[in-house]
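Given next are the chains, with one letter for each unit.
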Amino acid sequence: MLTQLSGRFVQMVIVLFFLSVVTFVMMKLAPGDPILAILLASDGALSQAEQEAAREALGLNRPIYEQYGSWLLKVVQLDWGQSLTSNREVWDILMERLPATIYLTLGSVVVLMVIAFPLGILAAKYQNKAPDVSSRIIALLGASIPSFWLALLLIYVFAYQLNWLPTMGSGTLRHLVLPSLTLGFVMAPEYIRLLRAGLLDTLSRDYIKAARARGISEWRIMLRHAMRAALLPIVAVSGVSLGSLLTGSVVTESIFGWPGLGSLAIESIRLRDYPVVQGYVLFCGVCFLMANWLSDVGAAVLDPRIRMRGGRRP
Amino acid sequence: MNRKRCHTFWLKSSMVCMAFVLFLTACAAEGQNQYPAAATTGPDQSGEGKSITIIHSLPVDTLDPHNGWISVRAGVAETLVRLDENMQVTPWLAATWEAKDPLTWVFTLRDNIRFQDGTKLDAAAAKASFERGIADSRPLAASLKIASIEANGQVLTFRTTEPHPAFPTELVHPTASVISIAAEEASGKEAFNKAPVGTGPFKVTGFIPGKEVTLIRHEHYWDELAKLEEVTIQFNADANVRTLAFQSKQADIVYHLAPESLDLIEKDQELDVESVTSLRTHYFTYNPASDHVADLRVRQALDKLIDRDAIVEEIMLGHAMPANGPFHALLPFGSKKAAQKLDPDGALKLLESAGYTKGPAGIWEKDGKPLKLKLIAFTGINPELPLIPLLVQSEAAKVGIAIEIVSVEYPEVYIKDNTDWDMSTASYLTSPRGDGGSFLNSAYTLGGSYNPAHIHLEELEAILRELNDTRDVPKRHELTRSALEIIHEEMPHSYIIHPNILVGIHQRVTNWKPGAEEFYIVTNKLDVQ
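As given, the protein sequences belong to chains H and S, one line each in that order. In this text, residue positions in the first sequence follow full-length UniProt numbering: the first is 1, and each later residue adds one. In this text, residue positions in the second sequence follow full-length UniProt numbering: the first is 1, and each later residue adds one.
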């Protein structure tokens with residue numbers, strides 16, 4: 001177990017290192033200039049000589065490897081640097097935005113489960129019948145509708161026409177409903193299809209036939225016996241979904257004015273606030289790796305064969 | 001059996017749907033009274049219980065008054081001088097000011113002002129605030145050019161590093177706010193930047209970065225007490241969502257509405273839209289090193305191919321003014337000349353006089369070089385910016401000029417790194433402080449922040465030198481207009497339009513109009529019926 005954990009840790013460090021290198025290089029190679037971006041955003045004016053002095057003072061004129069090296073050295077010492085725009089600590093900024101993203105993640109997971117599980121189960125139980133066709137249509141809709149369009153549609157219906165829910169913002173359960181519905185509905189199709197396919201595959205197995213022969217009710221077979229095996233691919237996919245939710249949804253957060261990590265990322269990229277973007281990417285990397293690790297643990301709990309093979313999936 | 005299963009399915013589906021609807025209804029039930037309109041009126045008309053919600057388009061991550069506009073916009077901080085509705089500099093925290101010599105400005109502060117933490121505003125407190133601002137904000141330090149500050153009672157004396165006749169206008173900018181350094185020392189910088197302490201009519205009660213600021217009335221405000229008790233300012237960068245929030249009456253004042261939604265808004269009797277001329281100008285910069293546009297006649301021809309009326313009517317849906325120069329004609333120093341109309345015939349004559357002839361492919365050419373231009377388009381935050389080059393490209397194509405459009409995020413960066421361009425789009429606030437000197441210096445002196453193309457006009461430089469030595473305001477306006485004449489003759493830029501600011505206002509909002517400068521949003525006079 002200890003070997004497995006240390007192996008995972010080494011993998012994580014290597015992945016994060018390459019992630020940070022790629023992001024740093026891409027950000028630096030992309031056109032744009034933080035000094036100009038900040039000045040344009042605030043309609044400030046600095047002469048070109050003053051702009052050069054500002055770049056010099058912030059170390060933006062140094063070779064890229066030197067900039068990366070000094071950033072990495074600080075990160076190793078748990079110093080994530082300071083924002084170029086607000087001069088605040090990057091770690092503080094990330095931690096300030098994280099609770100809103102976690103809140104939205106929980107809401108989206110609830111919506112995802114409320115939509116995906118009943119539809120997936122009903123689609124498998126009533127294969128090629130009305131419930132199956134309905135769930136496939138819903139899954140197709142969810143997969144086809146862009147999240148920004150769905151968000152605007154939900155705002156139009158529930159906030160503007162019905163005036164039930166707020167158009168934007170955060171802080172109460174009501175504020176959470178529309179962004180959660182948007183994210184949950186867009187993510188649900190994949191789970192509906194996986195659950196349906198997994199259940200159909202499992203329901204054709206011999207041990208299920210044996211259970212039926214023993215007179216166990218169909219719902220009990222479905223929920224107690226078939227579901228366990230059908231959940232395996234879902235648990236594997238959930239690692240990626242959870243990772244992407246925890247790193248914030250750029251589009252949904254921006255539209256609903258949700259103060260999470262996604263909206264922070266888009267603002268920081270627009271202003272070329274390199275330290276915040278680097279910190280965000282590193283944080284995302286950790287979230288993804290942790291979520292994947294959790295999904296592996298979940299799979300091992302569900303499937304004894306994984307545990308017996310030392311953590312490797314069959 | 002199948003029928004039974006089907007019945008079970010529909011029964012269970014109905015239950016799931018009902019549960020979902022109940023969940024939504026439960027969520028909504030609590031807030032149903034909240035959304036008929038965001039402004040609420042309390043038991044009396046003295047301000048108790050009155051609140052308002054404002055939505056702005058630019059999310060902010062800090063309330064640091066020296067590094068953003070939001071503290072002045074929110075009525076938390078104030079500046080020594082301010083702009084009135086005619087864009088004239090008027091007293092605010094300072095009662096009077098005068099120039100002792102070209103390098104010395106003396107301001108006398110009002111004697112009856114206290115910060116929101118109870119400390120008195122005297123010259124020493126203001127000095128500490130300016131020292132913090134200069135240390136923390138490069139643009140502020142660059143604009144003020146302060147060599148030293150002296151404080152004596154209520155008299156604050158600034159010495160500048162060079163003659164600075166426009167010094168008072170630079171103090172109008174929100175980043176020149178006067179804040180309580182004593183409060184910052186007591187709370188720490190991180191906490192202070194989330195709840196800064198100024199002298200304004202409202203105090204910060206809460207701040208969620210990127211989302212909202214909540215404010216409460218400052219009960220010991222030095223001027224007339226605010227009419228409202230509470231104000232919420234929310235941020236959302238999406239124009240469609242802001243517009244829907246306004247249409248749902250979940251906000252009373254909404255900035256930067258989507259122009260295409262105005263017809264729907266106008267049908268609602270409770271909602272109004274103010275279309276205010278802004279201090280921003282969209283324009284083209286011509287590359288002085290380009291083979292083609294280095295010739296004045298080609299620049300003049302291109303200027304005649306800009307259909308400003310069509311841009312105003314079709315792209316801006318009527319919410320803009322054709323530009324005849326960098327400054328709006330309504331400003332005291334703006335040019336009164338009519339904006340250039342679309343004139344393809346005039347453009348062709350100019351091309352002919354410049355030695356161009358029609359080539360076999362219908363493209364104008366000179367010395368075997370076809371008139372093919374590269375236009376760097378600014379994607380920017382204004383949705384109309386990428387559309388303007390398309391319209392010009394279309395008009396130019398009709399007369400035989402080929403324009404290739406290259407879209408970039410920051411034209412200044414492209415211009416700095418490349419020489420293979422002929423025209424570029426730009427958009428700046430050209431007179432944010434009630435004076436034209438700052439823009440003229442930035443755009444027409446070598447090394448200026450708005451002059452990445454290195455435009456240099458000898459004749460203009462002489463006028464700018466005189467302008468930079470002139471304190472008398474009418475004389476400054478006259479010199480600015482003289483500079484505009486030269487700019488119009490030499491045409492290093494083609495000024496296109498001044499876009500309007502579209503602000504949605506619920507009819508219950510009283511005593512308030514949006515200003516062109518967008519500095520003063522929450523005021524002590526702002527009220528609801």
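Read the hints as simulated data drawn from the structure, not as lab findings. Model, not experiment: these values are computed from the prediction. Mixed in with the good hints, there may be bad ones.
[As the list claims (entries may be wrong)] Taking lysine-lysine pairs in the DSBU-like style, the calculated list, with each CA pair at most 35 Å apart, reads:
id, chain 1, residue 1, chain 2, residue 2
1, S, K336, S, K100
2, S, K249, S, K267
3, S, K416, H, K74
4, S, K145, H, K28
5, H, K74, S, K337
6, S, K194, S, K337
[Said to hold, decoys possible] What follows is a set of in silico ranges between Cβ atoms, one per label pair, in the way DEER data are often shown:
id, chain 1, residue 1, chain 2, residue 2, range
7, H, L58, S, E461, 47 to 55 Å
8, S, A191, H, L58, 23 to 31 Å
9, H, G171, S, S394, 45 to 53 Å
10, H, L58, S, K525, 51 to 59 Å
11, S, K189, H, V21, 27 to 35 Å
12, S, Q529, H, L58, 43 to 51 Å
13, H, E56, S, H456, 20 to 28 Å
14, H, V240, S, D291, 35 to 43 Å
15, H, L162, S, S407, 17 to 25 Å
16, S, E131, H, G171, 17 to 25 Å
17, H, I145, S, E270, 28 to 36 Å
18, H, V15, S, K525, 53 to 61 Å
The beta carbon of each residue, even a glycine, is placed where N, CA and C say it ideally should be.
>> Under the constraints set out in the numbered hints, which ones does this structure not fulfil?
In response: 5, 6, 7, 10, 14, 15, 16
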